[in-house]
Amino acid sequence: MKTHFHWGLRLLHWLMALSILTTLFVGIAMVTSPSARLWLYQIHKPLGILILVLVVVRLIVRLQTGAPALPKDMPAAAAFFAKASHVGFYALMFAMPLIGWATLSAGGYPITLGGGLQLPPLLAKSDSWYAILRPAHQYLAFLFFFMVLGHLTAALYHGLIRRDGVLDAMTGRGRQNSARFRNDQGKK
Amino acid sequence: MRPPQKGTSARWVLLILPAIVLAVFFVYLAGLLTPDKPTAHSYIKALVADSGHHPGYRRNHAKGICVSGYFQGSGQAQSLSMAPMFANVKTPVMGRFSLSGGNPATSDLNQPVRAMALQLNAKDGQQWRMAMINSPVFLMSTPTAFLHLLQDKAPDPTTGKPDGVKIKAFFTKHPEAGPFLNWAKNYKPSDSFANTRFNGLDSFQLTNAQGKTQYVRWSFVPNTPFAPRAANADDNFLFEDIASRLAKGPASWDMQLQLASPGDNIVDPSKAWAESDKWVTAGTLVLNSSTPQVDGSCRDVNFDPTILPHGISPSDDPFLAARSAVYSRSFNARIFEQAKMEEKK
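Protein sequence lines, in the order shown, are assigned to chains C and B. Residue numbering for the first sequence is 2 to 189, as defined by our numbering. Residue numbering for the second sequence is 240 to 584, as defined by our numbering.
FYI, nobody ran anything at the bench for these hints, they're computed from the structure. Among the hints, a few may not be true.
Claimed, not checked - Just the calculated beta-carbon pair ranges, DEER-fashion: (1) Val-252(B) to Ala-78(C): 20 to 30 Å; (2) Thr-66(C) to Val-533(B): 54 to 64 Å; (3) Thr-172(C) to Pro-294(B): 50 to 60 Å; (4) Asp-474(B) to Ala-92(C): 50 to 60 Å.
Said to hold, decoys possible - Rough simulated footprint, nothing fancy, chain C against chain B, three-plus residues with beta-carbon under 8 Å: (5) 267-273; (6) 329-339; (7) 358-366; (8) 478-486; (9) 507-519.
Backbone N, C-alpha and C fix where the C-beta goes; we use that ideal spot for every residue, glycine too.
My request is simple: use the sequences and hints to build the entire structure.
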């Protein structure tokens, strides 16, 4: 039985966790601060595109390698919630960079990523689209952040209170033991 | 699942602590824990308090007119920056003339500060946006001081007018405003935007293909000779003039780059640079048509001066970051209002 996520997924998970948290913090700071805006904005855009690239790779690896099953004794509602939240995370990881990109397009802004790198607009300049996309980017960011906090707390609940191996599946902890355990099982 | 062990309450603390720390940090970055620290919104609030709320209009420089034309690069600044506009090519330009203040119906007679905003669209898709005014230096040294001025200028709730004593006290506390106030005192208004010189004031860094950098400021120097404002000029004379003038023929400005020498202040636009600095003519701006801003192409554009082509970057002048943050906020607010108005139609 699979006990851990594929190493590639674990690597992508932690890399993206760092990127996403940074992008969310940079995002809220750059629309607030009149002094730090420029360097924050210069980080926000390329980091968003990096997340978009990484989530494409991640979804492919995830579909190829699957996920370890949740513990059998988890309440059905909690297991459903866990699975639904993962779908939600994937949806947001795709949607947020694309909405950000589309927001700049609708606002008539050039989508510069630094170093002379520029992306084409996703749609034509439009007030009505901008008025939908710009608030959507912001409120989905709040939702994303809220989900990250919930995800983090739920993972720690599994790791610290239930200690059922769900957190280990992503940290990679106990991988050697479980491999040995599996081999022992096989021998029997 | 293993049975609960010793130290369970410590585990619960460890469980909720990370989320609390991250949430507090997020709320802090949103400015909610430091209500006295200026945010982009503080500027918008102060501007609206000074000029009233005019839906769909810019929160500052509300009265304006759209113009268009082209920028003919001279090739002389190519050795300073790899920006494509500096090559010996014609770059299409969309722009806007405006007056300072958030009142779109302000009189042209009582506004000394005129502005010109431009967006240069290079063939390769790169943009250069800028917004300049006609004073030789900016009023204040720092964005925060400028915010305090806007706040002190707000109409007194009892009289409905700005408090002269408060403003006087502000300027006593801020001697850096001296050069600007001196300019305003001796200001002789011309009869047109076409013979007005516009200055970028903030400093930028140019980078050439070899990676060599140079700090600059720039000015658009008119080729139309000065003529004083007519004695019988009316409240819209500047806007009527530029519309009829461009209908008859083009108006042009030379773009002059002032190259910083040691000692020139990069971060403070209230300080003039040395008169002995070298100047380079980067090209000529030619404007040949105008459209009222109500439905002109400049209406829904954020002339954020930090939108720059590769080869030009913002300096550490704090006004650039502040302008970018505040313009963006103003842009969002008015585009949302604009979209609502379009929906109603």
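How the hints compare with the structure:
Checked against the hint of 20 to 30 Å, the C-beta distance between Val-252(B) and Ala-78(C) comes to roughly 26 Å, which is consistent with it. Hint check: Thr-66(C) to Val-533(B), Cβ distance near 58 Å, so the stated range 54 to 64 Å holds. The beta-carbon spacing between Thr-172(C) and Pro-294(B), approximately 53 Å, falls within the hinted interval of 50 to 60 Å. The hinted window of 50 to 60 Å between Asp-474(B) and Ala-92(C) holds, with their beta carbons roughly 54 Å apart.
Taking a C-beta to C-beta cut-off of 8 Å, the region 267-273 of chain B contributes 3 residues in contact with chain C, enough for the three needed, and the coverage statement holds. Only when three residues or more bring their CB closer than 8 Å to a CB of chain C does the claim for the region 329-339 of chain B stand; here the count is 0, and the claim is violated. Given as covered by chain C, the region 358-366 of chain B passes the check, having 3 residues with a CB less than 8 Å from a CB of that chain where 3 are the minimum. Figure legend: the region 478-486 of chain B, annotated as covered by chain C; annotation inconsistent (0 residues with Cβ-Cβ distances under 8 Å, at least 3 required).
Residue count for the region 507-519 of chain B with a Cβ under 8 Å from a Cβ of chain C: 0. That is fewer than the three needed, and the coverage hint is violated.
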